[in-house]
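Participant: So the chains spell out like this:
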Amino acid sequence: MKARVFVTLKNGVLDPQGGAVRHALGSLGFEGVEKVRQGKVIELELAETDADKARASVSLMCDKLLANTVIEDYTVEIL
Amino acid sequence: MRAAVIQFPGSNCDRDLAVAFARGSDASKPAQMIWHKETGLPAGLDVIGIPGGFSFGDYLRCGAIAARSPIMQAVVDFANRGGYVIGICNGFQVLTETGLLPGALMRNSGMKFICKNLELQVKTRDSVFTSAYQHNAKITVPVAHHDGNYQADTDTLKALQAEDRIAFTYTQNPNGSLNDIAGILSENRRVLGMMPHPERLNDPQLGGTDGSGMFDSLADALVSA
Chain A
355 MKARVFVTLK
365 NGVLDPQGGA
375 VRHALGSLGF
385 EGVEKVRQGK
395 VIELELAETD
405 ADKARASVSL
415 MCDKLLANTV
425 IEDYTVEIL
Chain B
1284 MRAAVIQFPG
1294 SNCDRDLAVA
1304 FARGSDASKP
1314 AQMIWHKETG
1324 LPAGLDVIGI
1334 PGGFSFGDYL
1344 RCGAIAARSP
1354 IMQAVVDFAN
1364 RGGYVIGICN
1374 GFQVLTETGL
1384 LPGALMRNSG
1394 MKFICKNLEL
1404 QVKTRDSVFT
1414 SAYQHNAKIT
1424 VPVAHHDGNY
1434 QADTDTLKAL
1444 QAEDRIAFTY
1454 TQNPNGSLND
1464 IAGILSENRR
1474 VLGMMPHPER
1484 LNDPQLGGTD
1494 GSGMFDSLAD
1504 ALVSA
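As they're listed, the protein sequences go chains A and B. Just so you know, the first sequence maps onto residues 355 to 433 in the numbering used here. Just so you know, the second sequence maps onto residues 1284 to 1508 in the numbering used here.
Everything labelled a hint here was simulated from the structure, so no lab data went into it. A portion of the hints provided could be inaccurate.
Said to hold, decoys possible - When the alpha-carbon atoms are kept at most 25 angstroms apart in a straight line, the in silico DSS-like pairs for lysine-lysine are as follows: (1) A:Lys394 with B:Lys1441; (2) B:Lys1441 with A:Lys364; (3) A:Lys364 with B:Lys1395; (4) A:Lys364 with A:Lys418.
As the list claims (entries may be wrong) - Derived coverage of chain B by chain A (criterion: at least 3 residues anywhere in the stretch with Cβ under 8 angstroms from a Cβ of chain A; other residues may be distant): (5) 1372–1386; (6) 1391–1399.
Backbone N, C-alpha and C define an ideal beta-carbon position, used for all residues, glycine too.
Construct the entire structure; sequences and hints are all you get.
Facilitator: Structure, rendered in structure tokens:
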């Protein structure tokens, strides 16, 4: 079973990288990009076959390592 | 003073920190270097240093992997028992990732790696790390980081201010850091995290001695048998 984790900055947390990407898009001529927020996607292959158990286990992984919940939010997708 | 320095793959200020600790140590008891895969600490330590560098290549988040390495559980236990811990640069990032210090270090607001000497202000003398400095003393210390932009939520900032736990601020903010914060103390004032590198400026041969106050403070406070 596969899981996909999306880690994003919490609302209100300054994202200098997103700002730089937005600026670069503007200089390439892409107009109207009002905001860019950059995050991470992490894919995991799990031995677990029960989706609920997999979700619970991946959420724990997020809390313990994959996300820094001081500044980041995460969502877990079981595929 | 019995000191130890933790070494991770990618640490690069570990030996500098050990030399700085040596200022206040008996020459027969140099700082012990401890590899991150160790699970326990030697007995009788007074202070543990988490050095600067790029532990684990800054993969995932700066300091995140190092914070979960086997030795760090022992360091957290040591701190929770009242032990003294100092984390410099990447070490500060590691300490926030373990939860020993609040907040997080984010990418510099200007996106650039900053490597230069900066002026700091000593905001509290009430710690074993800062007691040798005058209150509000201005000192010049090198910084070298890409992710030194300290951020914390409003409640955390209020607590840091109310409890006099902001150790150092930048006189000219280089990285977007909240309230110009360069270094903070834990609630029990025994854990210090800071982005600038006092260990790189503690001997005239290194170009200055403004960082030596920290190691002299420590030595004065932690004279051990």
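Participant: Decide, hint by hint, whether the structure agrees.
Facilitator: So, going through the hints one by one against the coordinates:
no., hint, result
1, A:Lys394 with B:Lys1441, "violated (30 angstroms)"
2, B:Lys1441 with A:Lys364, "holds (20 angstroms)"
3, A:Lys364 with B:Lys1395, "holds (22 angstroms)"
4, A:Lys364 with A:Lys418, "holds (17 angstroms)"
5, 1372–1386, "holds (count 4)"
6, 1391–1399, "holds (count 4)"
Figure legend: structure checked against the earlier numbered hints; the only hint not met is number 1.
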